[in-house]
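Participant: One letter stands for each residue in the lines below.
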Amino acid sequence: MALLEVDQLITEFATDEGRVRAVDGVSFSVEAGATLGIVGESGCGKSVTALSIMRLLPQPMGRIAGGSLLFQGADLARLDIPEMQKIRGRRIGMVFQEPMTALNPVHTIGRQLTEGMLLHKVCEPANALRAAADMLDRVGIPSPDLRLGEYPHQLSGGMRQRVVIAMALACEPDLLIADEPTTALDVTIQAQILELIADLQKRMGMAVIMITHDLGVIAETCEQVVVMYAGKVAEQGSVFDIFDRPAHPYTRGLLASIPRLETEAKSRLGVIEGMVPGLRDLPLGCRFENRCTHAVDRCREQPPAPEWVAAGHAVSCLRWQEL
Amino acid sequence: MSAPLLEVSNLQMHFPVREGLFLRARAFNRAVDGVSFTINPGETLGLVGESGCGKSTLGRCITRLYTPTGGSIRFAGQDITHMRPRTLRPLRQDIQMIFQDPMESLNARHTVGDILEEPFIVHRIGDRIWRRKRVAELLNIVGLPARSATRFPFEFSGGQRQRIGIARAIALNPRLVICDEPVSALDVSIQSQILNLLVDLQREFNLAYLFIAHDLAVVKHVSDRVAIMYLGKIVETAPSETLYREASHPYTQSLIAAIPVPDPHRRAAREVLRGDVPSPINPPQGCSFHPRCPRAEPQCSEAEPELAPLTGAHAAACHLLARSG
Numbered sequence: 374m375a376l377l378e379v380d381q382l383i384t385e386f387a388t389d390e391g392r393v394r395a396v397d398g399v400s401f402s403v404e405a406g407a408t409l410g411i412v413g414e415s416g417c418g419k420s421v422t423a424l425s426i427m428r429l430l431p432q433p434m435g436r437i438a439g440g441s442l443l444f445q446g447a448d449l450a451r452l453d454i455p456e457m458q459k460i461r462g463r464r465i466g467m468v469f470q471e472p473m474t475a476l477n478p479v480h481t482i483g484r485q486l487t488e489g490m491l492l493h494k495v496c497e498p499a500n501a502l503r504a505a506a507d508m509l510d511r512v513g514i515p516s517p518d519l520r521l522g523e524y525p526h527q528l529s530g531g532m533r534q535r536v537v538i539a540m541a542l543a544c545e546p547d548l549l550i551a552d553e554p555t556t557a558l559d560v561t562i563q564a565q566i567l568e569l570i571a572d573l574q575k576r577m578g579m580a581v582i583m584i585t586h587d588l589g590v591i592a593e594t595c596e597q598v599v600v601m602y603a604g605k606v607a608e609q610g611s612v613f614d615i616f617d618r619p620a621h622p623y624t625r626g627l628l629a630s631i632p633r634l635e636t637e638a639k640s641r642l643g644v645i646e647g648m649v650p651g652l653r654d655l656p657l658g659c660r661f662e663n664r665c666t667h668a669v670d671r672c673r674e675q676p677p678a679p680e681w682v683a684a685g686h687a688v689s690c691l692r693w694q695e696l
Numbered sequence: 075m076s077a078p079l080l081e082v083s084n085l086q087m088h089f090p091v092r093e094g095l096f097l098r099a100r101a102f103n104r105a106v107d108g109v110s111f112t113i114n115p116g117e118t119l120g121l122v123g124e125s126g127c128g129k130s131t132l133g134r135c136i137t138r139l140y141t142p143t144g145g146s147i148r149f150a151g152q153d154i155t156h157m158r159p160r161t162l163r164p165l166r167q168d169i170q171m172i173f174q175d176p177m178e179s180l181n182a183r184h185t186v187g188d189i190l191e192e193p194f195i196v197h198r199i200g201d202r203i204w205r206r207k208r209v210a211e212l213l214n215i216v217g218l219p220a221r222s223a224t225r226f227p228f229e230f231s232g233g234q235r236q237r238i239g240i241a242r243a244i245a246l247n248p249r250l251v252i253c254d255e256p257v258s259a260l261d262v263s264i265q266s267q268i269l270n271l272l273v274d275l276q277r278e279f280n281l282a283y284l285f286i287a288h289d290l291a292v293v294k295h296v297s298d299r300v301a302i303m304y305l306g307k308i309v310e311t312a313p314s315e316t317l318y319r320e321a322s323h324p325y326t327q328s329l330i331a332a333i334p335v336p337d338p339h340r341r342a343a344r345e346v347l348r349g350d351v352p353s354p355i356n357p358p359q360g361c362s363f364h365p366r367c368p369r370a371e372p373q374c375s376e377a378e379p380e381l382a383p384l385t386g387a388h389a390a391a392c393h394l395l396a397r398s399g
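Note that the protein sequences, when read in sequence, are chains F and Y. So the number in my numbering is just where the residue sits in the first sequence, counting from 1, plus 373. So the number in my numbering is just where the residue sits in the second sequence, counting from 1, plus 74.
Worth flagging that the hints you see were computed from the coordinates, not collected in a lab. Please read these numbers as outputs of a predicted model, since none were measured by experiment. Every residue gets a Cβ at the ideal spot worked out from N, C-alpha and C, and that includes glycine. Careful: at least some of the hints might be erroneous.
Claimed, not checked - Here are some, though not all, of the chain Y residues that point toward chain F, as calculated from beta-carbon distances under 7 Å: (1) Val91; (2) Pro334; (3) Ala342; (4) Val346.
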């Protein structure tokens with residue numbers, strides 16, 4: 374059985390103009406020790422999916438309106454707050470995009486790192502600082518004992534993200550959710566952080582959900598990939614299915630639009646015309662219909678259901694077989 | 075060969091770091107520290123580097139938003155390094171800028187029509203009717219409907235706002251446009267639309283670009299030549315193809331190796347660059363890259379390497395290359 378099974382997740386937000394569905398019927402599963410990537414553009418619902426799993430949706434606007442989130446036999450969508458607190462930070466760790474906002478500026482690194490460990494009683498209070506220093510050492514921070522007494526502003530961006538990773542991993546979770554963990558970092562620092570996550574994953578045997586807009590990061594780190602568009606899963610499969618045999622016009626469009634080092638300078642990049650529809654005026658049929666060059670009348674009338682292209686490779690497009 | 079449009083020689087921009095009661099300059103942030111390059115009419119020079127390498131400061135010096143503390147900037151044969159605002163004004167038509175975040179660079183209280191008309195009013199060009207016609211033309215050029223003129227910036231998406239920023243930059247038919255991270259805030263599918271637009275406009279209006287960005291793949295895609303910056307200095311410069319195929323400086327090589335390739339078959343065990351970029355306030359002695367360089371030798375911490383030609387237009391600042399060459 375999979376470590377995490379997300380089934381038909383629906384997440385809604387109450388807004389002044391009524392309810393909107395940021396995530397609408399998303400399903401995927403993560404095996405123990407594996408890496409799943411969720412890729413999509415701003416507003417596609419990838420972060421909301423992560424916050425739903427963590428039950429960290431902004432309150433009181435956000436709520437899980439349907440579906441289940443089976444994690445180690447428990448449905449996270451239905452757990453009460455004390456039970457969820459036992460899982461959050463202990464069984465599931467999370468790394469956010471912006472390390473400066475994820476860290477508390479008025480507490481020392483040591484205090485922030487030990488907080489989770491003490492809360493979840495994974496170590497004795499007397500040993501907590503020792504354990505925290507070990508953790509900093511594991512994420513590659515030099516002179517960890519000194520760093521424990523420092524504040525977040527005294528560290529560089531890359532070092533801060535290492536601290537955030539150390540906090541997420543302090544209790545040795547079974548699943549790490551990394552939401553754009555390297556987007557705010559320079560490319561050489563990004564390479565360090567991605568290597569670090571992969572390395573720790575191997576040593577600790579945890580599963581990772583890597584959320585990113587960067588197809589390069591996906592290709593580099595993931596085994597399974599979920600491509601999201603406007604709150605739905607457009608396509609999912611192995612990383613080779615997605616990059617070698619993309620079946621959804623959106624996935625194909627995305628792959629054609631990235632400038633690569635080996636393409637000829639000033640050649641034309643593929644484009645996806647138009648833009649993502651707003652959550653309040655979603656089309657009736659396929660959500661990609663208004664930007665899709667292959668759209669026909671029936672695409673506008675009914676939303677496509679996921680179909681199997683091959684074992685493990687599913688696409689939500691009515692016309693995938695003709696394209 | 076024609077004369078270069080822009081000629082930057084040994085440019086320096088040192089910001090004082092003021093401290094204490096009397097705010098005396100205790101140290102200098104050497105944001106740009108001896109940079110030289112040229113840009114020809116209709117050409118794109120890409121400028122790549124990590125945060126804090128001085129690439130944006132360099133762009134702002136050229137538009138004279140900053141007055142450089144050393145070196146010179148010549149534009150179309152004229153020295154503009156210390157030109158006074160009044161004499162600079164006619165030249166401002168020729169040098170325009172596109173910023174990263176169009177929401178911050180467009181006045182939220184003005185309609186798009188007002189924003190695009192403003193450059194003509196400032197430079198006293200045309201009458202009201204002519205200006206309105208020109209605004210409609212500009213919107214058409216950047217691919218926005220003419221009715222956009224009566225709407226406000228917040229009514230547009232990020233990609234459309236960047237189109238407005240571009241329309242404003244090209245309004246006065248400039249010869250040089252400084253593009254400072256023009257696509258880094260945009261989603262990939264929108265990013266490619268904007269990159270295509272910039273390439274089209276260059277061909278149509280013979281624009282020269284200084285294209286500043288942190289993403290080497292994006293820069294390489296739009297540039298004729300690329301310069302790599304590290305801690306206020308250019309460490310390597312070459313035609314785009316050469317730079318990618320024959321990167322010589324260890325920093326450029328690590329930069330290329332660090333880019334995640336969107337191809338799962340090419341997942342390579344790479345050499346990851348260790349450490350962080352040092353502070354430009356107190357840069358390392360000798361070659362500023364030596365503390366992170368996998369190939370550093372004793373001499374690298376002693377003398378500073380000069381940017382020396384390798385072959386053709388390819389140059390790099392590295393002791394190891396100078397010796398082997």
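Participant: Hint by hint, say whether it matches the structure.
Facilitator: So, going through the hints one by one against the coordinates:
Annotation: Val91 (chain Y) was flagged as interfacial toward chain F, and the flag is violated, the nearest CB pair being 17 Å apart, outside 7 Å. Interface hint status for Pro334 (chain Y): upheld, as the beta-carbon distance to the closest one in chain F is roughly 3 Å, under 7 Å. The interface hint given for Ala342 (chain Y) is violated, since its Cβ lies 9 Å from the closest Cβ of chain F, which is over the 7 Å cut-off. Of the supplied interface hints, the one on Val346 (chain Y) holds, with its beta-carbon coming within about 5 Å of a beta-carbon of chain F, less than 7 Å.
Comparing the model with each earlier hint shows violations of hints 1 and 3; every other hint is respected.
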